[in-house]
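Peer 1: Using the hints provided, position chains B and C relative to the given structure of chain A.
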Amino acid sequence: MNALTSSGNGGPVLSAQHLTIQSKQKKILDDLSLDFPAASLTAVVGPSGCGKTTFIRSLNRMVELTPGLSIRGSVIYLGQDIYDPSVNPVMVRRRIGMVFQRPTVFPTTVFENAAFGLRLVHEDIETIEKSVEEALQRSGLWEEVKDDLDRPALSLSGGQQQRLCIARALAIKPRVLLLDEPTSALDPAATQRVEATMQRLKEDFVLVLVTHNVGQAARVSDKVAFLHSGHLIEVGPTADILERPREALTQQFITGRFQ
Amino acid sequence: MSATPTPEAVESREPLPPPSSPPAETTPPRRTSRFRPAQLIPFIPALVPAALIVAVIAELVVSTGFTNFGLSFWGPDWLPSPSVGTPTFGILVFITGSFLTAIPALLLAMAIGLGIAIASTSYLPRWITRFLDPFVDLLAGIPSIVYGIWGYLLVAPFFGTVINPVIYRYFSFVPGFGGKAPLAEGVGLPVAIFILTLMALPITTLLIRDSLRAVPRDLWEAGLGLGATRWETTRKVAIPYGLRGIVSAGFLGFGRAFGETVMVAMVLNVVPAFPINFYSGTSTMAAEMFTQLDSAHGNGQFLAALSEMALVLLAISLVVNIVGRRLVSHFAVYEVPGL
Amino acid sequence: MASASVAAPAETGKDLLFDASARTRWRLGFDRVAGWLLPVLFLVAIVPILDLVYYIASQALPTLSWAVLTNTNPHDPYALGVPIISTVYVMLWATAVAVALGLFGGVATAEFLSERAAGWMRMSANLLVGTPSVVIGYFGYFALVLGLGWGYSFIAGATTLAFFMTPYIFRVTDLAYSSIPRPIREAALGSGARPYQYILKVAAPIALPQILNGVFLAVAIGVGETAPIVLTSTHSVLVPQTLYSPVSFLTAEIWLNFSQPPGQALALAFQAAFVVLVVVVALNIVVRIISARYQKRLEGLYQ
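Protein chains in written order, with our numbering: chain A, 5 to 263; chain B, 380 to 718; chain C, 1341 to 1643.
To be clear, the hints were calculated from the coordinates, so they are not data collected in a lab. Among the hints, erroneous ones may be present.
Simulated pairs of lysine-lysine, DSS-like, Cα-Cα distance not exceeding 30 Å [unchecked claim]:
| hint | chain 1 | residue 1 | chain 2 | residue 2 |
| --- | --- | --- | --- | --- |
| 1 | A | K206 | A | K150 |
| 2 | A | K177 | B | K615 |
| 3 | C | K1354 | A | K134 |
Non-contacting residues of chain B with respect to chain A, defined by C-beta distances greater than 10 Å in every case (computed) [unchecked claim]:
| hint | residue |
| --- | --- |
| 4 | I423 |
| 5 | S460 |
| 6 | T475 |
| 7 | I482 |
| 8 | A490 |
| 9 | P504 |
| 10 | R509 |
| 11 | L562 |
| 12 | L603 |
| 13 | S659 |
| 14 | N678 |
| 15 | A683 |
Chain C residues, not near chain B, derived (Cβ > 12 Å throughout) [claimed, not checked]:
| hint | residue |
| --- | --- |
| 16 | K1354 |
| 17 | D1355 |
| 18 | F1358 |
| 19 | L1401 |
| 20 | T1403 |
| 21 | P1414 |
| 22 | P1417 |
| 23 | G1421 |
| 24 | W1433 |
| 25 | P1545 |
| 26 | P1568 |
| 27 | L1578 |
| 28 | Q1581 |
| 29 | Q1604 |
Quick reminder that beta carbons are idealized off the backbone N, C-alpha and C, glycines included.
Pulled out of the complex, with its shape left as it was, chain A reads as follows (with noise of 0.2 Å):
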C-alpha cells in the first residue's frame, strides 16, 4: 500500500501511518497505521482508555486542542499528509468533519445550527438553505424539522440534537466523517436512528466510527479495528473480526471479559 500515490479512486481516502502519540507521562498511540478506503464505515474498537479517542481526534488534529501531546508520524489525505506544516488545521477539518460523544448543539436555532459552517465562507443565502436541507436530509432529521427551522435548537431531543450535529458537520461536504462515540449518551430509540443515518451516509463518505459497543460495529461497520493500550491489534472486515478473531485479546474485548 502506497498512500502517497492512492489519490483518486481506489486507494485509501485517508491513512493513519506510523502515527505515535505521546502525553508526558505515557504514550498513548504507538506506531499506529490504518487505511480508511472511500464508501466504507471502519468501526474503531477497544476498551477505555486503548487510545481509540485520541486516535480518532488526530485524523483531523483535533488532538492539537489537547496541550501537552506529542504527536509523530503522518495521516495522509488523498496523497496529503495533514501534519505537513504548511497544512492549516482549520482546513484539515472542513475537510475532516466530526460528531463528538455529547451532541454539541449551539444554543441558537436548528437553521443556524446547519449553517454554521457555511456561513463561515459567505455563500449567499439561497445555497445556504439548499446545503442545509440537503445536510438535514441526509442525516434523517429534514422531516422532523422541516416546518419549523428557527426552533431552538436546544429544544429538539438529544438523538434528534445529535442528527443535527451530524448534519452540521455534512453541510460543508467533507469527505470523511468522523464520529466519536455518537450514541453514548443516547437513549436506545435513538441511537437506533443515528446509526440508521450512519448507514445511509457510507454510500457516499469515508465513514470512521469509534465505539465500545461490539454490537453497535456489528450493525453498521464494514471493518473493524481493535485498539488495546495504544496498539492496533488487528484489523480486518466485519464479519471475519467479530466472529473468528486471530486475537486472544480481541476474543477476550468481544466477549465482554474486558471493562
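Peer 2: Coordinates of chains B and C only, in the frame set by chain A:
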C-alpha cells in the same frame, strides 16, 4: 486562583438552627416551642451589609434636610457662593462630566478588555497567560491616589506636550477638537479618560475572561471541528454564549469609572463648567463632591446640595451595579479590589 | 454534493487542503493576524504598570532612607514617620471594626440565613463594594463627624474606612463558610455538634486561611483609599493622642502635597506614594498566593 465553591455547595444548604436551640438529636419533636427573642440574636450580624446600605442612604437623605432646590438642581448653573445674588445649585455640569469621562473610558476598557480576554482564552498558551494575566489583576490593585500622582506629574505633561498638540494640529477641524489650544500641563479630559480606562480595564477583562472560560469545552471543539478558525469560534460561539457576562462586565466597569473620585480630581483640571473642547477640564459628581465638602463645611444649603448630589451618584451606581450583578449568577473573582 | 465529489477522480488532498480562494485566504489570514495583534493588547496593561512603578520608585527612592521613614519629629512638616505610624493606627482600628462587622456578618449569613435571605445580604455587600468611595466618605462625614459629633478625628476617619472595608471581609467570610464541603458540615452536625461548635471547631480551621486572605485584601484596599479619610479627618503633625485627635494618613499626605512645586513637600508625596504602593502590591501578591493554595486545599477536601 479564585476560590469558587461548587454551585451545589452554595445553592442548597439547610440553614443551621439558631444556636440557642439544643442540638437536634437530643430534642424531642416539640412543635409548640415558644418563640424567644434570643433566637433572633444569631441572625442580627447577618444584616450588616444591608444595614450599612440602608444607613448610607438614610443618612444622606436626612442630610439633605429635604431642601428643595426645584428644577434648578438639574440645571447648568453651579454657584454655591456667588458675590452677588443667591446661590444656585445645578448639577447638570457634573452629571455631564461624569458620563463624559466614564463612557469613553468604558468603551475603551471594553474593547481592550475583550481583546485581552480573547487573546488569553483563545490564542495564547497557558504558560504565557499564567505570566501575563496577573498584570491585569495588578492594575486593579493600584490605589487611585497613586494613579493620580503618576497621572498628574508624568502622564498629563506627556499628553500636554505630545498627544494633545498632535490631535489639535491634525483634527482641529472636527467639532470639539479645535478652539482653545490644549494646555502644556495636559490635565483635562484625555488624561482622565486614559487613566479611567486603565482602572476599569481589570474589571472588564476579568469578567469577560471568566465568561469566555465558562463556555463549555464541547462547544469550542464543536466550532473548531466545523472548520471555524479560532477567531470565528470565539466570535460566533463563545461570545454569544458568554454574552451576559460580557454585558455585566460593561455595567460593572462603568460603575467603577463613574464613581472614581480621587484620580479624577487630580488629573481632570476640575472646574465646575462644561468642557469647552476635547482638551479642557470639567468636573464630575464624585470629583466635585470630594473637592467641595471642605468649603461647604458649616454651610447648610451647600451641604444639602452636596448630599443630594451624593444621592444622585449613589442611585446611579446602585442601579448600574444591580443590573451588572444580576446578569451573572455567580462571580468567580473576589480577589480583585472593586469587583 | 458529496456523492459527486467522491465519484469524481483526480481531486487531490493538495487541492482540497490548500484552498486558495480569496475568502479562505482572508479567513485564515484574519485569524493569524488576530493571533499576533490581540496579545499585543496586554501591553496596555503591562506598560502603564511598569511605567507607574518605575516612576514612583525613581522619584521616591533618591530621597528615601531609614531616617526619613522613621522621622517622627513633630517640628519637621515633611517627616514621613508620623504618617506611617498614624496609618498603622488607623488601619488597626479600621481592620478591627471591619473584621468585627464582616466576620460575624459573613458567618451568620453563610450558616443561619436561608438561601434567599443570604442572597439579599450578598447583593447588599456587592453593592457596597460598588459604592463610590466618596459616598462612603460623605456617610462618615454626616453620620460620624457631624451626627455623632466626633469632629474631624482619628475615630471618625478610621471608622469610615472600616465601613469601606467591611463588605470585602463579609464576602470572603461568607464564601469561605459557604464553600465548606457539605459532607463535613453534615457529619459534624449529625454527630451532635452544636452549631457554634461546628462554626468554631470544625469550620473555622478550614475557612481561616481564606478569611485571613480577605482581611489582607481589605487592608490593601483600605490603606490605598483616600476619600473616606480625607473627608472625615484633618491633617496632623502628631501621632494621634486621643480617639478624637486629628490624624495624618499616607494617602492624605499625597493628596495634600501632590501639586506642590518640586521640593520637600512633593518629595514627601512621592515617598508616601512609594510606601503605599509597596504595601498594596505586596499584599496583593500575598493574597494571590494564599488564594491559589487555599483553592488547592479546598479541591483536596472535595475529593
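Peer 1: Which hint numbers doesn't this structure obey?
Peer 2: Numbers 9, 12 and 26, in rising order.
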